[in-house]
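Asks: With chain A held as given, fit chain H onto it using these hints.
Quick mapping for you: the protein sequence lines, in order, are chains A and H. With our numbering as the guide, the letters of the first sequence map in order to residues -18 to 243. With our numbering as the guide, the letters of the second sequence map in order to residues 997 to 1255.
None of these hints come from the bench; they were simulated from the model. This one's a predicted model, so the numbers in the text were calculated from it and none came from an experiment. Even glycine gets a Cβ: it sits at the ideal position worked out from N, Cα and C. Errors might be hidden in some of the hints.
Said to hold, decoys possible - Examples of chain A residues lying across from chain H (beta carbon under 7 Å, computed): (1) W75; (2) M83; (3) P85; (4) Y116.
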Amino acid sequence: MSVGHEAAGIRIDRVTRVFADAGITALAEVSLDIRPGEFVSILGPSGCGKSTLLRCVAGLDTPSSGVISVAGVPVTAPPEHLGIVFQRDALLEWRSVLDNLMLPIEFRGGDVAAARGRARSLLKMVGLEGFEGRYPAQLSGGMRQRVAICRALVDDPKLLLMDEPFGALDALTRDQLNIELQRLWLAEHKTVLFVTHSISEAVFLADRVVVFSPRPGSIADVIEVDIPRPRRLAVRTGERFHGYSTRIRTLFEGMGLLKEDA
Amino acid sequence: MKTRDWQGILVTAVSIAVLVLLWEFLVAWMHVKPIILPPPSAVLRELASEFPWYMGHAWYTLLVTVGGFGLAVVVGVGLAVVIVESALLEKTIYTLIVGLNSVPKVAIAPLFVIWLGTGAEPKLAIAFLIAVFAIVIDTVLGLKSVPADILDLGRALRGSRAKMLWRIRFPCALPSMFAGMKVAISLALVGAIVGEFVSSQRGLGYVILSAQGTFDTARVFAAVLLLAIMGMLLFAALARIERWALPWHASQQEHRPSA
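So here's chain A without its partners, still in its complex pose (with noise of 0.2 Å):
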């Protein structure tokens, strides 16, 4: 159902983010290469800098050093053609759930009508057929963040920036919205970042997990997920699965970040 646009690379060349009105280093010499059409996690602790990097690629926020390109054009300005989700779904109250959707096209131009036309084709895709007239305010927190993902989709973005979409659900919601964004990704294939901090998460979903450790935010580990697609839930009680967590879990209790025996 794409209709063009190529899914994007991000290089993401030593970058530095440093705050130095509160005096604090929240990205130390970040580099990281994505594929086009890759779907990476970014897994650490709060506070480890991966939502600063998240937004510095967004274009939000700007490196205190180093250079962050997205399809080889150098980021100074949100890029064109960027989906983003955050973790509060960012809804407009006062819209419906179809003008929630036309929203980005408004913004940044193109054809109404054919974006009305994928945006219906979106909301089925995650089960909200019927819903288009709704406001925000009569879904529920799982539909409305389903809303949210369709919204960064509309307009065929080379790139979805995903900023702990989930963080916000229960536990059933959130591995119910996990099958949905993967389904989404296997028929799009978007090149998608993906924040988070739950582990199985990061695993579930990605090509690659690129573990943060704390303040300063620099990267820990990649892990490269050797899992066929599409996953099921139950891959989760699997081996391989399995393997890759205690792998991450390790590489936390090594920064102190979790401890068993005080």
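Replies: Chain H alone, transformed into the frame defined by chain A:
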């Protein structure tokens, strides 16, 4: 309307009727002089005896109130927008406005008569001045209440300043603006009456002031009754417009999420 709404209206109507009857009965029973407190029947008789005359004055007061209020909305919202868009104006104009708001506006009313004469203009000006502060302050509050992630979303979508203002900030501010307008409409009515008190040959404020001169208490009460009805109707009209303009907000108040 739902049955519960009708029950609410019924309860209100019955309690008002009981109070009015009590008033009628107590005034007769305790032999209160009509010049101190006329019975409700006398007030209604007075109102009915010169109904078109009362309506003429009420119409004048209504026009001044709505005119002053309308002016306050246009100027107030305009000011709020420039204040929010400019850090400099926020430091200068907004600080000044917040400061001026603490001045008792009624005290300046005579000045307007000196400046603008004795026609409708000074009354409009006073109604405007009393009403405008609530609108500026609540609109600024609303325009600034946009959640940070929605502003980030707008920036990520490369939204122009105008689009951010009209499609994000402004609709987000509407509930707060209506809250300000509901306060402002009552204040505009106060302003209109103050203006008519200070100098006028027309309007309910003039009716009250001239009736006071002849100790015609029933006439004062008749005018006050009309003012009360006018205030309630204006408020109800705004609430109706609000429900029409903000269906999403009303839906938030009336229904629980369906799933």
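Asks: Hint by hint, say whether it matches the structure.
Replies: Evaluation of the provided hints:
| no. | hint | in the structure |
| --- | --- | --- |
| 1 | W75 | holds, 4 Å |
| 2 | M83 | violated, 10 Å |
| 3 | P85 | holds, 5 Å |
| 4 | Y116 | holds, 4 Å |
Of the numbered hints given earlier, the model fails hint 2 alone.
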